Amino acid sequence: MSDAKYHDRHAAGIYRAIALRFYCRYVDMRDSAEFRGADLTASHGRLPTSREVTDQYTDAIEEWLWERPASATAALALVEFAGVITADRFLGEVLRDQVIAEERDAFYQTIALSTAAEWINRLALNELAERSRPGEGDAA
Amino acid sequence: MTAPEQNPDHDRVGAGINHAIAYRLLFNFLQARMQAKEQGANVAGLPDMDWPTVSEHYQKLLDEWLPEKPDTIRSARAFVDLATVILIDRQLTEHFSIGTIGGDEKDHDVAVRALMAVGAWLDKREGIEAGRHSAA
Chain G
1 MSDAKYHDRH AAGIYRAIAL RFYCRYVDMR DSAEFRGADL TASHGRLPTS REVTDQYTDA
61 IEEWLWERPA SATAALALVE FAGVITADRF LGEVLRDQVI AEERDAFYQT IALSTAAEWI
121 NRLALNELAE RSRPGEGDAA
Chain R
1001 MTAPEQNPDH DRVGAGINHA IAYRLLFNFL QARMQAKEQG ANVAGLPDMD WPTVSEHYQK
1061 LLDEWLPEKP DTIRSARAFV DLATVILIDR QLTEHFSIGT IGGDEKDHDV AVRALMAVGA
1121 WLDKREGIEA GRHSAA
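From first to last, the protein sequence lines are chains G and R.
Position one of the first sequence corresponds to residue 1 (the working numbering), numbered consecutively onward.
Position one of the second sequence corresponds to residue 1001 (the working numbering), numbered consecutively onward.
What the hints contain is simulated information worked out from the structure, not anything from laboratory work.
As the structure is a computational prediction, the values presented were derived from the model and not from experiment.
For glycine and all other residues, C-beta sits at the position ideal for the given N, C-alpha and C.
Careful, some of the hints might be misleading.
To be verified - Below, a sample of chain R positions facing chain G; criterion: calculated Cβ distance under 8 angstroms:
#1 D1011
#2 R1012
#3 H1019
#4 A1041
Extracted from the complex, chain G is given alone in its bound form:
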């Protein structure tokens, strides 16, 4: 059981979406192996279809992508999510199969990065405000 004091709902939702994206890849590759004749029933059990797991992934990301991050943990999760998409698209090129359309991935990346950037910008503005207070700006 994880420690509740480290919980962050927003980051948790984003990481869950990342997990589902990785799961999409696994389901596709498992299908490929099975198609070529590998017997996977003993070790992998029944899996959802690619369509089902892709839908789960998009539902998971749509739920949390629009939320403004309230912590560095959540902002980091958004940046990692954008990075994972880039690397996963390369993987899709190799495996000749993409999880979702390029435009949609690019859209999700833009939202994730702009939301994280907005959070960083708020920090920068706060820092600027602190430095602008009398007696504090010249010290640096």
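For this one, chain G is given, so just place chain R on it according to the hints.
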């Protein structure tokens, strides 16, 4: 499992290598699942498997199929897929601040062996092509 001669889509070496790749991708999923769980996500609906088991299956499949030489275009493609997935996987896991299933050194070794196997297969094909040209 259907015998290869009964199903034209079957390819035992390609299937074995793809199966290993599937475990590699499963490992990444489990890492992300754990990270989500640590942040408090409800992951009860997502499948689970312990890492040592996944790692063990992955290694066993590599030990079984990597020494096999690709003997078809499909199996050659599977070897290339394995090497490329390993190389990209590193980038993927770096973005996500996690390690890969095999670790850097072992990954490098597997990728090189996979590419060398494909190289040997291409070499053989080249010889066959050259023979055809000189016969023509």
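Here's how the hints hold up against the structure:
The closest approach between the C-beta of D1011 of chain R and any C-beta of chain G is roughly 5 angstroms, which is under the 8 angstroms cut-off, so the hint is satisfied. Because the closest C-beta pair between R1012 of chain R and chain G is about 6 angstroms apart, less than 8 angstroms, the hint holds. The restraint placing H1019 of chain R at the interface with chain G holds, with a minimum CB-CB distance near 4 angstroms, inside the 8 angstroms limit. Contact between A1041 of chain R and chain G, as hinted, is supported at the beta carbon level, the nearest pair being about 4 angstroms apart and thus within 8 angstroms.
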